[in-house]
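Peer 1: For this one, chain X is given, so just place chain E on it according to the hints.
Just so you know, the sequences run in chain order X and E. Each residue of the first sequence is one higher than the one before, starting from 1 at the first, in our numbering. Each residue of the second sequence is one higher than the one before, starting from 1 at the first, in our numbering.
Don't read these hints as lab results, they were simulated from the structure. Hints are not guaranteed to be accurate.
Simulated coverage check for chain E against chain X, where a stretch passes if three residues somewhere in it have a Cβ under 8 Å from a Cβ of chain X [said to hold, decoys possible]:
id : stretch
1  : 13-24
2  : 42-48
3  : 51-65
4  : 145-157
5  : 162-169
Estimated spans, in silico, between C-beta atoms of each pair [stated by the list, open to error]:
id : chain 1 : residue 1 : chain 2 : residue 2 : range
6  : X       : P189      : E       : A22       : 43 to 53 Å
7  : E       : V33       : X       : P240      : 27 to 37 Å
8  : E       : D154      : X       : P19       : 48 to 58 Å
9  : X       : P189      : E       : G168      : 31 to 41 Å
10 : X       : P189      : E       : A32       : 12 to 22 Å
11 : X       : S3        : E       : L29       : 45 to 55 Å
12 : E       : D154      : X       : G120      : 50 to 60 Å
13 : X       : S3        : E       : D154      : 51 to 61 Å
Note that the Cβ used here is the ideal one computed from N, Cα and C, for glycine as well.
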Amino acid sequence: MTSLNRIIGIETRRSGVVPVALLVAVPAAALMIASTSYYDGRWLRLAVAVRTVLQLALPLVVGGGAWLGMREHRHHLGELLASTPRPRAGRIRPLAIGLAGLVAAAYLAGFAAGMPFVLGRAGYFPVATLSLTAVGALSLVAAGWLGLAAGRALPRLIVIPVLVVLTAGLTGIGPMLVHDSSFDVDSVPPALWLTPVWTFTVQDFETVTGRIGLLQTIALLGLAATGLLLASVGRRGIAPALVPAVAGLAGAALLLPATSGAALADDARALVPRCTDAGPSVCVIAVHDYQLDEITAPAQQVLTRLTVVPGAPTRAAETMMDDRSGLPVTGPADTISFTDAYATYRSDEGFSVAAFQQGLADQAFAPDCDVSTIEDDYYLGVAVVGAWLAGAGSLLEPHPDDNFGDRTVLIWGPDEIDQADRAIQALRALPEARQTALVGQVWTMTRTCRPEAMAALMALGKA
Amino acid sequence: MRWMTLYARSRQVPRSLFVALASVALACLLWAVFSDDPTVSDRLMTTSVMLGAAVLGLTLGTVDEELNRPAAHHWPRRRALHLLLALGVLVALALATRLGPAHFEPFPVVLRNVVGLLGLTALGAVVLGPDLSWLGAAVWTLIGVLPFSGPSPDVLTQAATWTVQTSGTTAATVCAAVLAVAGATAYTFYGCPERAA
Chain X
1 MTSLNRIIGI ETRRSGVVPV ALLVAVPAAA LMIASTSYYD GRWLRLAVAV
51 RTVLQLALPL VVGGGAWLGM REHRHHLGEL LASTPRPRAG RIRPLAIGLA
101 GLVAAAYLAG FAAGMPFVLG RAGYFPVATL SLTAVGALSL VAAGWLGLAA
151 GRALPRLIVI PVLVVLTAGL TGIGPMLVHD SSFDVDSVPP ALWLTPVWTF
201 TVQDFETVTG RIGLLQTIAL LGLAATGLLL ASVGRRGIAP ALVPAVAGLA
251 GAALLLPATS GAALADDARA LVPRCTDAGP SVCVIAVHDY QLDEITAPAQ
301 QVLTRLTVVP GAPTRAAETM MDDRSGLPVT GPADTISFTD AYATYRSDEG
351 FSVAAFQQGL ADQAFAPDCD VSTIEDDYYL GVAVVGAWLA GAGSLLEPHP
401 DDNFGDRTVL IWGPDEIDQA DRAIQALRAL PEARQTALVG QVWTMTRTCR
451 PEAMAALMAL GKA
Chain E
1 MRWMTLYARS RQVPRSLFVA LASVALACLL WAVFSDDPTV SDRLMTTSVM
51 LGAAVLGLTL GTVDEELNRP AAHHWPRRRA LHLLLALGVL VALALATRLG
101 PAHFEPFPVV LRNVVGLLGL TALGAVVLGP DLSWLGAAVW TLIGVLPFSG
151 PSPDVLTQAA TWTVQTSGTT AATVCAAVLA VAGATAYTFY GCPERAA
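One chain only, chain X, in its complex shape (with noise of 0.2 Å):
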């Protein structure tokens, strides 16, 4: 065994198996790090994250193992090769033994990129992300050992980039036009699951079923073991070497859901609320914990503020949106409900304190009726009583945490703006208590669906 490690050393480091491996390495951990905001705090996202920048470390692995198939015909050794007593699957062992470890670790690399980005933030560790992330390291072993077999039997230069753009093409580009054409997830074919290529859309609560994992690696570890018997054995054995392969696929396709949603799931776990264990109480889904710290402040500022209101909230939730009103979905009277804050509030420019105060005073107004009978009015209303709840003079002040200004005020006009800004001030302008009476009485008539209430507040500018 010692004597093989040695080889199996001499062969990595004389071969271009390291070459191979930086070339997936460095650029999927590049990737990472230009896309933190699309995991950050979440582990499943890493993995998934990873598992996209499979669409480039797949073809250059193929390409790579092609280019280490061709060695012995580049350098013109198969006749002296073909004279020695050593099997040729004694030869390629250590260079594919080598070959799998290099690119297993170059994804790992891509994978520890990220994790900076989600260690000691996320409270919840999805087990998925293990599975996720075994299976991505598994197809680059694939990869690598059908490239080995590919470039040897056909050891021509040309194969090459033909081989790089025909996997890019089944694995990754073909999948993402079919996504891209399609309505929903479930108008996309299941098979599109066989490829280990990342092309769904994964919500934060939501987690891939084992069984995707396990068809995945039954296909995987077919087509492995048929690169590499291809890779050692002579014509004889071609037959027999596709049979893992082939059984593989067969397998894998038996476990296909019957439709590509079935392939997600929500995950119980990922949506235990994390509340705030000091003041109105603030919470967050489980997988969302990392969000908690930054959100409490502004979120306990309004909800201190609607105290003064009776029988307004007094705890704000996420939940999860209404897939037909695109709003959040209501819980119980006391409680303000509002959607993953990060993917709502938080640009390139960070986390717009403003705009999530704006959501949680929209959400708390919202009217208790069809909205289809309410007024543009009535929205300018609850921007005032928005930028009151967070004690801002104006629709365009940010607030004292942001520095940039976003009051979600783009969806307003100038004279809109300077409409409410008029009612801003002229309420401030009232007596502490007549002000709260006045926003109290806003709030009742909105529970009755009374959307005329904001006309008094709007006349308050006009006056």
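Peer 2: What follows is chain E alone, placed relative to chain X:
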């Protein structure tokens, strides 16, 4: 003429031309079968163009550069002409798609990608030799066609994913132009690295 024939054969030009043609034809065929849109997806177009540039990149050198160099030819002129012809082939193939049901469009984007990727391939031929000349173009293209790559207002992202930026994106155009000029200049004056026979 005889010299041209021998030159083309020594660099396996016919095989590369066939693969470049097949690459564009296959992309158009697949698109025409599976989509109603006459314009081929920019990702598919770019990948197809990249394969064309890659296989033509293999013709930029020969098996023995050391043997070639002492020949009494004005190599820089011939190398520049070779590159220009490769560019002409790729542009002609892209334009020819207009005759079929699936087109490579818009033309400024196609031209930018052809010029930039061919320049990058020429640069690869100078640095890595013709066998691996396509590597840089392949890696950069594959980064550009990732699901999260696309048109962006950020200049750095525009440069990093220049192959999929929209027409008129300055950073993408500049990136392609720099690659083209650098690749063409380096290849014309230096050629591929010499290797032992």
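Peer 1: Now tell me if each hint is right for this structure.
Peer 2: Okay, the hints, checked on the actual structure:
With 4 residues bearing a CB less than 8 Å from a CB of chain X, the stretch 13-24 of chain E meets the requirement of three and the coverage assertion stands. For the stretch 42-48 of chain E, the stated coverage by chain X is satisfied: 4 residues place a CB nearer than 8 Å to a CB of that chain, which reaches the threshold of 3. Figure legend: the stretch 51-65 of chain E, annotated as covered by chain X; annotation consistent (4 residues with Cβ-Cβ distances under 8 Å, at least 3 required). Residues of the stretch 145-157 of chain E lying with their CB closer than 8 Å to a CB of chain X number 5, which satisfies the three-residue condition for coverage.
Restraint check on the stretch 162-169 of chain E versus chain X: 0 residues with Cβ-Cβ distances below 8 Å, three needed, restraint violated. Checked against the given bound of 43 to 53 Å, the beta carbons of P189/X and A22/E, roughly 26 Å apart, lie outside it. As the Cβ distance of V33/E to P240/X is approximately 35 Å, the hint placing it in 27 to 37 Å holds. Under the hint 48 to 58 Å, the C-beta atoms of D154/E and P19/X, about 30 Å apart, miss the expected range.
Separation of P189/X from G168/E is about 36 Å and conforms to the stated range, judged on CB atoms against 31 to 41 Å. For P189/X and A32/E, the Cβ-Cβ distance of about 20 Å falls inside the hinted range of 12 to 22 Å, so the restraint holds. Checking the proposed 45 to 55 Å range against S3/X and L29/E shows it holds: the Cβ atoms sit about 52 Å from each other. For D154/E and G120/X, the Cβ-Cβ distance of about 28 Å falls outside the hinted range of 50 to 60 Å, so the restraint is violated.
At roughly 53 Å, the beta-carbon separation of S3/X and D154/E lies within the given 51 to 61 Å, and the hint holds.
Taken one by one, the earlier hints fail for this structure at numbers 5, 6, 8 and 12, listed in ascending order.
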